[in-house]
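Asks: Here is what each chain is made of, one letter per residue.
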Amino acid sequence: MSTISWDSTLASGTRRQFLGLAPALLLARKTDRPIGGAFVNDSFANGHRLRDRAAFRASSRQIRVPIVIVGGGIAGLSAAWRLDKRGIRDFVLLEMEKQAGGNARWGENDVSKFPWAAHYLPVPAKGESLARELMEELGVFRDGKWDERALCFDPQERLFLHGRWQEGIEPEIGSTPKDREQYKRFNDTIAELRATGQFTIPMERGARSSPLDRGSMGGWLADHRFDSTPLRWYVNYACRDDYGASAEDTSAWAGIHYFAARDPEEKGPLTWPEGNGWIAQRLLEKLNRYVRTGAGVYRIARDRSKLRVFTEEIEYIADWVIFAAPTFLASYIIEGMPPAAGFQYSPWLTANLTLDRIPAQKGAEAAWDNVIYDSPALGYVNATHMSLAAHVERTVWTFYWSLAEYTPQQARTLLLAKDWNYWKEAILNDLSRAHPEIRQCVRHIDIMRWGHAMVRPAPGFMFSAEREKWLKPQGHIYFANSDLSGFSIFEEAQYRGAKCGDIAFR
Amino acid sequence: MSLALFLSVFLIAACGLIYELIAGTLASYLLGDSVFQFSTIIGCYLFAMGIGSYLSKFLHRGLVARFVYIELMVGLVGGFSSSLLFLAFAYTEAFRLVLYVVVILVGTLVGLEIPLLMRILKERFEFRDLVSHVLTFDYLGALGASLLFPILLVPKLGLVRSALLFGIFNAGVALWSTFLFRGQLGGGYGLRAACFAVLAMLGAGTVFADRISSAADNSLYADEVIFSRNTRYQRIVLTKWKDDLRLFLNSHLQFSSRDEYRYHEALVHPGLAALPGARRVLVAGGGDGLAVREILKYPSIESVTLVDLDPEMTQLFTRHPVLSAMNQHAFSEPRVHVINADAFRWLDGNPDRFDFIVVDFPDPTSYSLGKLFTTTFYRLAAKHLNAGGLMVVQSTSPLFARQSYWCIVETVKQAGLRTYPYHLYVPSFGEWGFVIGSLVPYEAPRQLPSGLRFLAARNIPELFSFPNDMQPVPVEVNRLNDQILVRYYEREWKDIAR
Ligand SMILES: Cc1cc2nc3c(=O)[nH]c(=O)nc-3n(C[C@H](O)[C@H](O)[C@H](O)COP(=O)(O)OP(=O)(O)OC[C@H]3O[C@@H](n4cnc5c(N)ncnc54)[C@H](O)[C@@H]3O)c2cc1C
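For the protein sequence lines, the chains are A and B, in the order given. Using numbering that gives the first Met the number 0, you'd call the opening residue of the first sequence number 0 and step up by one each time. Using numbering that gives the first Met the number 0, you'd call the opening residue of the second sequence number 0 and step up by one each time.
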């Protein structure tokens with residue numbers, strides 16, 4: 000696949016050479032406007048302290064509480080949601096960050112609310128009872144109908160290729176009859192695989208050990224003689240977008256799951272200006288009294304039948320722990336836990352760009368999700384797309400980049416090594432492929448670096464003994480993070496969390 | 000001597016920038032989308048300057064004479080650039096081609112100027128001073144031009160004359176150079192003659208300047224343009240031919256003064272006359288105030304709220320003598336409240352209820368306008384109706400865009416309203432359609448306000464009958480997440496255009 004190194008992307012933008020022409024320089028300077036911004040909410044420091052087993056302040060107080068949930072992402076919040084529904088009030092949820100939500104965190108400025116990572120929920124199908132139950136509770140699903148204001152407005156997606164925008168993300172402009180034949184054959188093959196019933200959401204319902212998991216999605220395409228360049232781009236894009244990994248680095252079973260697990264009854268997805276932050280906020284409104292933010296757990300120790308859960312403020316003495324933080328952290332936190340071998344995580348970079356005006360469009364009208372063909376990044380989501388207004392003058396774009404062209408380790412090093420200015424330039428250069436005047440429109444760019452953003456379904460991982468092992472509780476410690484499903488989506492986080500909430504303390 | 004030299008640097012820098020600004024302004028003015036126009040024009044222009052400076056190294060002998068010729072060419076092409084562009088827009092299909100050819104031509108020539116001049120001057124000054132001075136005056140010229148352009152040139156001279164004026168400056172610099180560099184030139188009478196010829200052409204151009212610009216704007220529209228303005232939201236153009244005044248928004252005809260009474264009487268009275276006790280009315284869109292004029296014919300009406308996005312539009316129809324006369328000064332009536340806001344958002348955030356709601360938006364030519372024709376919008380509007388109230392919706396042509404029309408009707412129905420579709424003939428539009436949406440059964444009124452020019456109570460039932468070629472067709476409903484209407488509309492009007 001054509002993954003363009005972003006060093007060359009960057010170089011093309013920094014061509015401020017002396018041309019010998021004063022007006023040229025004058026104009027070049029006139030058109031550049033200052034762009035503010037910074038890295039925000041970096042959790043590297045916290046993570047590295049855990050990794051390096053740095054000294055933590057000893058807790059000054061002890062509190063007894065039957066159940067402690069560690070981690071306030073969708074998984075942890077869903078565990079709390081179930082406990083609360085069961086009438087259990089005696090528990091706390093400990094979240095390391097100042098803001099709960101994890102990968103469903105959100106932000107807000109004078110222009111709009113916006114997501115920091117997770118930004119949509121596909122319309123839950125009939126079998127997805129938990130997701131439907133929650134949506135019903137939140138008023139999004141009522142009397143068998145989905146809330147029109149939460150279903151992504153038309154046009155949902157567009158793709159920039161060959162110099163213009165097309166509607167939809169499957170490459171159409173310039174596609175040959177052979178490409179279209181392969182799209183069709185691909186869809187037919189996926190439909191057959193869907194009919195086997197093994198690709199479900201939550202995955203646990205249908206998943207059966209499969210040889211597909213041993214190979215990569217890229218290999219699977221090759222084996223099935225899918226060699227159309229746009230089709231391979233499309234599949235690779237899906238893997239990068241959903242798993243943060245290229246098709247070559249993604250298990251074929253997981254790659255197929257993305258396409259085969261959904262057959263929605265309504266044109267979606269569900270989305271809000273702040274993405275899944277909307278769901279996180281509604282859950283937090285219900286569950287606020289249990290949630291302690293800025294409460295990172297640095298140690299969990301067994302003490303006879305009790306579990307001692309240490310934060311820097313308070314030590315909790317509990318009977319049960321639901322561990323909803325990423326599973327790889329368990330070995331750093333829980334005494335006596337071995338490392339979560341086989342769990343790999345993709346690092347990500349996301350950015351929120353505030354635009355004072357909307358750049359010109361060539362071709363299809365601005366969509367919710369806007370993808371640039373052949374970009375190493377994943378495009379941007381428009382936060383004001385879900386506004387009712389017919390005329391929008393300012394907006395926020397959330398820019399996504401899974402850095403899938405590197406190994407996770409390389410990408411992490413790079414994320415830490417380069418400064419904000421470097422990433423800002425890289426982002427603007429990438430966007431200027433489709434929006435040459437982007438620099439005149441953007442006022443502010445905040446960037447979030449995610450060291451271990453989401454679990455990576457590498458070949459062999461889905462049905463590995465390692466993953467299976469962590470599904471079982473360790474005494475009274477239950478594991479709940481979405482990474483236990485092998486890939487991270489809202490429904491898996493909710494399912495893992497809710498399941499623990501349903502069984503704990505019984 | 001040296002001051003004179005650097006003054007010419009100042010002038011040619013100013014000229015260069017002015018041509019670029021003119022091209023950018025003109026393109027934004029004629030095509031809209033100023034960000035795109037300016038960035039592509041600046042980009043091409045700078046790139047062309049790069050070509051120019053690269054080419055300069057291939058010029059060897061007779062540098063002064065070449066410099067003079069280049070100045071003359073810049074003067075000619077730059078000076079006539081805006082006339083040429085106006086005419087190209089009006090009379091050819093290839094406006095963009097002409098635009099970029101002109102920009103690249105001027106850019107290349109301007110790119111040649113400074114390198115050549117530096118080489119001509121390199122004997123006379125230390126290199127260090129030369130670079131410093133030439134660049135200083137170059138920057139100053141650009142500053143002067145960029146300040147002069149918006150403050151003085153555009154408002155006082157207009158684009159056509161400004162270009163010509165700066166063309167004259169270029170030719171002037173050329174002429175002046177023949178004196179300044181007498182020593183390096185030898186003879187030079189032919190050169191001077193060329194200078195005078197160019198000056199004469201540009202001078203003649205200024206005499207005809209007026210004709211060029213009005214000829215250009217007029218030929219776009221069949222009639223004479225009497226007013227045009229780009230607001231934040233749209234381009235408003237008014238044309239007049241004899242007693243026919245026409246309003247265009249983004250080149251879509253909104254009304255013709257000859258037959259708009261048909262449209263507006265049919266829009267308002269079948270609904271409003273059926274509500275004898277109506278007191279409060281909402282008009283969404285309709286910033287021309289013509290629907291409000293019809294509404295005010297009912298003495299029972301206590302308040303009319305008009306929500307239109309564009310303040311310049313409503314101001315124009317409040318203040319302009321001819322236009323405010325058309326709506327009988329509706330916006331100056333104390334009963335009328337004009338609110339400049341996005342109608343969908345306004346309805347969403349406002350609890351007021353009305354007896355009658357007029358929904359008069361431009362046709363669904365884009366997804367952003369299409370939102371105003373969705374189940375969500377009509378459901379929201381219905382929440383603002385008093386018990387027994389009703390709304391009427393502008394629904395495009397049931398003849399030219401039959402599927403679009405019935406799609407709107409079906410969408411209103413899906414929003415939980417009873418629908419009563421009707422249509423009429425408006426000569427300047429053709430067959431046009433509306434639909435009444437109502438919570439309770441609707442009955443056509445038996446009485447209308449006096450003084451209507453088109454509608455009579457006895458004719459109202461006829462409006463609700465559709466001939467064969469406008470009968471309902473199978474359609475899907477227009478929803479926010481699936482705007483089928485925008486796709487119907489695009490396809491149907493494209494077929495007509497062919
Ligand atoms: C860029 C990006 C985009 C995504 N987009 C989508 C999308 O559009 N739709 C979708 O369905 N999914 C998306 N996802 C997947 C997303 O990961 C899941 O939807 C879901 O939010 C995961 O929730 P979780 O609770 O399992 O994990 P997380 O959200 O990672 O939650 C773990 C929580 O534990 C906390 N924590 C960590 N260590 C400690 C400690 N020591 N003590 C206390 N707390 C701790 C963390 O701060 C965090 O809040 C996206 C992911 C990324 C990275």
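It is worth saying that the hints were derived from the structure and are not from the lab. Keep in mind that a hint or two might mislead.
[What the hints assert, rightly or not] Below are the DSS-like pairs computed for lysine-lysine, each with C-alpha atoms no more than 27 Å apart in a straight line:
1. A/Lys112 - A/Lys305
2. A/Lys361 - A/Lys423
3. A/Lys471 - A/Lys423
4. A/Lys125 - A/Lys285
5. B/Lys412 - A/Lys144
6. A/Lys144 - B/Lys493
7. A/Lys471 - A/Lys97
8. B/Lys493 - A/Lys361
9. B/Lys412 - A/Lys266
10. A/Lys305 - A/Lys417
11. B/Lys296 - B/Lys382
12. A/Lys417 - A/Lys97
13. A/Lys285 - A/Lys183
14. B/Lys296 - A/Lys266
15. A/Lys305 - A/Lys144
Model, not experiment: these values are computed from the prediction.
Asks: Give a verdict on every hint.
Replies: Tested hints:
Our distance criterion of 27 Å between C-alpha atoms is broken by lysine 112 of chain A and lysine 305 of chain A, whose separation comes to about 42 Å. The suggested pairing of lysine 361 of chain A with lysine 423 of chain A holds, with an alpha-carbon distance near 24 Å, which does not exceed 27 Å. Restraint check for lysine 471 of chain A and lysine 423 of chain A: the C-alpha separation of about 43 Å exceeds 27 Å, so the hint is violated. At most 27 Å may separate the alpha-carbon atoms for a hinted pair to count; lysine 125 of chain A and lysine 285 of chain A meet this at roughly 25 Å.
A distance of roughly 17 Å separates the Cα atoms of lysine 412 of chain B and lysine 144 of chain A; the hinted pair therefore holds under the 27 Å criterion. Taken as a hint, the lysine 144 of chain A and lysine 493 of chain B pair is broken in the structure, with Cα atoms around 35 Å apart against an allowance of 27 Å. For the proposed pair lysine 471 of chain A and lysine 97 of chain A, the alpha carbon gap of about 30 Å is over 27 Å, so the pair is violated. At most 27 Å may separate the alpha-carbon atoms for a hinted pair to count; lysine 493 of chain B and lysine 361 of chain A meet this at roughly 19 Å.
Taking the CA atoms of lysine 412 of chain B and lysine 266 of chain A, the gap is near 21 Å; set against the 27 Å cutoff, the hint holds. With a CA separation close to 45 Å, the supplied pair lysine 305 of chain A and lysine 417 of chain A exceeds the 27 Å bound. For the given pair, lysine 296 of chain B sits about 26 Å from lysine 382 of chain B by alpha-carbon distance, which is consistent with the 27 Å threshold. A C-alpha spacing of about 25 Å is found between lysine 417 of chain A and lysine 97 of chain A, which places the hinted pair at or below 27 Å, so the restraint holds.
Using a Cα cut-off of 27 Å, the hinted pair lysine 285 of chain A and lysine 183 of chain A is violated, with the two alpha carbons roughly 45 Å apart. The straight-line distance between the Cα atoms of lysine 296 of chain B and lysine 266 of chain A is roughly 46 Å, outside the 27 Å bound, and the hint therefore fails. Of the supplied pair hints, the one linking lysine 305 of chain A and lysine 144 of chain A is violated, its CA atoms being roughly 46 Å apart against a limit of 27 Å.
In terms of the numbered hints stated before, the structure departs from hints 1, 3, 6, 7, 10, 13, 14 and 15, listed from lowest to highest.
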